[in-house]
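Chains as they are written, first to last, in the UniProt record's numbering: chain X, 1 to 143; chain E, 1 to 409.
Hint data in this document are derived by calculation from the structure and do not stem from the laboratory. Keep in mind that this is a model prediction, so the values were computed, not measured. Be aware that one or more of the hints could be misleading.
Said to hold, decoys possible - A short, non-exhaustive set of chain E residues, derived as facing chain X with CB atoms under 7 Å:
(1) GLN152
(2) ARG179
(3) ILE201
(4) ARG202
(5) GLY224
(6) ALA225
(7) SER249
(8) LYS256
C-beta atoms are modelled at their ideal positions from N, C-alpha and C, and glycine is treated no differently.
Here are the chains, one letter per residue:
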Amino acid sequence: MRTFALSLITLLTLISCGSNEPKPIKLNIDSCDFCKMTIANGKFGAELITQKGRYYKFDDLACMVQFAKSNTVVPYQSFFVNDYLKDNTLISVESAFFIKSDKINSPMRGNMAAFSTAAQQGEYAKKLGAQTLTWSEVYNTYP
Amino acid sequence: MKNLVYILYFICLISNAKTITVGKSYPVKTIKQALTLANDGDTVLVTTGIYKEGNILIHKKIAFLGKNFPTLDGQNKFEVLSVAADSVVIKGFKIINSGHAALDDPCGIKVYDRSFVRIENNILDNNFFGIYLQNSKNGVVKNNTIKAYGKQEQLIGNGIHCWKSDNLQIIGNKISGHRDGIYFEFVTQSVIWRNISNYNIRYGLHFMFSNDDSYITNVFKGNGAGVAVMFTKNVKMFNNYFEENWGDSAYGLLLKEIADSYIFNNHFKRNTSGIYMEGTSRIKVEKNVFEANGWGMKIQASCMENEVVHNNYIGNTFDISTNGSLVLNTFNSNYWDKYEGYDLNKDGIGDVPYHPLSLFAVLTESNPSSMLLYRSFMITLLDKSEKVLPSITPDNFVDNTPLMKQLRL
Numbered sequence: 001m002r003t004f005a006l007s008l009i010t011l012l013t014l015i016s017c018g019s020n021e022p023k024p025i026k027l028n029i030d031s032c033d034f035c036k037m038t039i040a041n042g043k044f045g046a047e048l049i050t051q052k053g054r055y056y057k058f059d060d061l062a063c064m065v066q067f068a069k070s071n072t073v074v075p076y077q078s079f080f081v082n083d084y085l086k087d088n089t090l091i092s093v094e095s096a097f098f099i100k101s102d103k104i105n106s107p108m109r110g111n112m113a114a115f116s117t118a119a120q121q122g123e124y125a126k127k128l129g130a131q132t133l134t135w136s137e138v139y140n141t142y143p
Numbered sequence: 001m002k003n004l005v006y007i008l009y010f011i012c013l014i015s016n017a018k019t020i021t022v023g024k025s026y027p028v029k030t031i032k033q034a035l036t037l038a039n040d041g042d043t044v045l046v047t048t049g050i051y052k053e054g055n056i057l058i059h060k061k062i063a064f065l066g067k068n069f070p071t072l073d074g075q076n077k078f079e080v081l082s083v084a085a086d087s088v089v090i091k092g093f094k095i096i097n098s099g100h101a102a103l104d105d106p107c108g109i110k111v112y113d114r115s116f117v118r119i120e121n122n123i124l125d126n127n128f129f130g131i132y133l134q135n136s137k138n139g140v141v142k143n144n145t146i147k148a149y150g151k152q153e154q155l156i157g158n159g160i161h162c163w164k165s166d167n168l169q170i171i172g173n174k175i176s177g178h179r180d181g182i183y184f185e186f187v188t189q190s191v192i193w194r195n196i197s198n199y200n201i202r203y204g205l206h207f208m209f210s211n212d213d214s215y216i217t218n219v220f221k222g223n224g225a226g227v228a229v230m231f232t233k234n235v236k237m238f239n240n241y242f243e244e245n246w247g248d249s250a251y252g253l254l255l256k257e258i259a260d261s262y263i264f265n266n267h268f269k270r271n272t273s274g275i276y277m278e279g280t281s282r283i284k285v286e287k288n289v290f291e292a293n294g295w296g297m298k299i300q301a302s303c304m305e306n307e308v309v310h311n312n313y314i315g316n317t318f319d320i321s322t323n324g325s326l327v328l329n330t331f332n333s334n335y336w337d338k339y340e341g342y343d344l345n346k347d348g349i350g351d352v353p354y355h356p357l358s359l360f361a362v363l364t365e366s367n368p369s370s371m372l373l374y375r376s377f378m379i380t381l382l383d384k385s386e387k388v389l390p391s392i393t394p395d396n397f398v399d400n401t402p403l404m405k406q407l408r409l
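Here chain X stands alone, though its shape is the one from the complex (with noise of 0.2 Å):
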């Protein structure tokens, strides 16, 4: 029963290592692998997975896709961004609503905000004059 329960442990961390969670950014202490600058707002934060378990994070999604663009020869495994409106949490993209707009003041000028739900997205879309965007949409802004 003990090895039992010791193997189960064993088998769970291993699992738990190539994990497909993001890591929590750590407001104001991480930085942005891409322009350098400390991470400090928890509404455009975004975080990507290397399929080899590495993460990056970064300050402004216009930041990670540039970054993701301009290194290809790691293969990503998934992308992560902050929702506009909770407090430094991540989401996945496919299932992140985005809209752009000059209105929306990011760190590094990407100006774009997700959210979680088509209605949020939707509302401040309307709020704001915004373009709203899909993930591919956002991926293809960047050359």
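Assemble the complex: chain X is given as a structure, and chain E must be docked to it using the hints.
Showing chain E alone in chain X's frame:
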């Protein structure tokens, strides 16, 4: 004769202006009432007391003066003072408790698209943003004390935030506890002079896309990550103090994507890295002191045509470090305290060229944990042999005229 007419005309104008005094023992009790009574050119004088009037909007060209620092309290709900008129003077107030973390960035004082506004001698305490100049020209922000109590893991605004502005003067302010002490974004032709920006959460001073500015004689001490000048050209940085910026991603001065600038006579003391440069070009670094830093300068391989001359490097763990083997920058006539050459003809210039890049600096750059072996016997031996016969370090990374004596700076 014509001049005399003008002078008389102005005297008439001045004599027309009136002063409205606000206070408990005066007929006008509230600031809002005084603002409705006032006309362009008048003075509103506020006497001591605590005024909780929500958001106060100034939309007339007036002088708004406080006597013995009357307190304007935003009760953590409102933007305290909004300016929507040209040539407004705000002087002598204590402005506290603006709203926090709302989407519209509430401020202690915010100027909306106006010119010639003067904000002088105020005390700002516990506001989300301190002073915010948006789209304004020829503004003066002088001798204000701006304090906030930002913590890590918490959203807080900047002390003095300037956006899309031109011809500003930021002089003699003391800022602490904000996200960035002074923040410039799309600001041109402006000067930052004699400010003290200490112990802010992120940067003491932060430049983004702001060309043709200068900052002179400021002190930046103990900020979360030092000072950052990014995506900018033609910035002059004279006579500033960058001190005590410690941490993994903290730099005395972070330069990223900047060109054609001049760094002269600054002091970099006790920082993890004095200057970190990435993607910078055509910068002259002259007559600066790098003292007791972990790294004096970190110059990434993406930098080119920079000139590093006549600086003092004293007591740094590493004077210079880089991540590549390509050298496109020049390092001449500096004083290096680690220089061990001689000067036979006594002209004050060492006869043997100095290689400022040590072997170990290169090793730690590619493998940070090798720092454990620093000051071990083998490393010292390798370092010495590398100095004589460069193999890993680029041999053209060299100061051909190292100075024998420290420059007096």
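query: Would the stated hint for E:ALA225 survive a check requiring a Cβ distance to chain X of less than 7 Å?
result: Since chain X brings a Cβ to about 5 Å from E:ALA225, closer than 7 Å, the hint holds.
- request: Have a go at the E:ARG179 hint: is there a Cβ in chain X nearer than 7 Å to its own Cβ?
  value: holds (5 Å)
When the least beta-carbon distance from E:SER249 to chain X is tested against 7 Å, hint result: E:SER249 check passes; min Cβ-Cβ to chain X is 4 Å, inside 7 Å.
- prompt: Once the shortest beta carbon distance from E:LYS256 to chain X is found, is it less than 7 Å?
  reply: Holds. Min distance 6 Å.
field: chain X contact restraint on E:GLN152 - CB to CB distance below 7 Å
entry: holds (5 Å)
- prompt: Is the hint on E:ILE201 kept, meaning its closest Cβ partner in chain X is under 7 Å away?
  reply: For E:ILE201, the interface hint holds, since the closest Cβ of chain X sits about 5 Å away, which is under 7 Å.
Residue hint E:ARG202, partner chain X, criterion CB-CB below 7 Å: Where the cut-off is 7 Å and the nearest Cβ of chain X is about 5 Å from E:ARG202, the hint holds.
message: Holds or violated: the hint that E:GLY224 contacts chain X, with Cβ atoms closer than 7 Å.
response: Hint on E:GLY224: holds, closest Cβ of chain X at ~6 Å, below 7 Å.
Hint compliance for this structure: no hint is broken.
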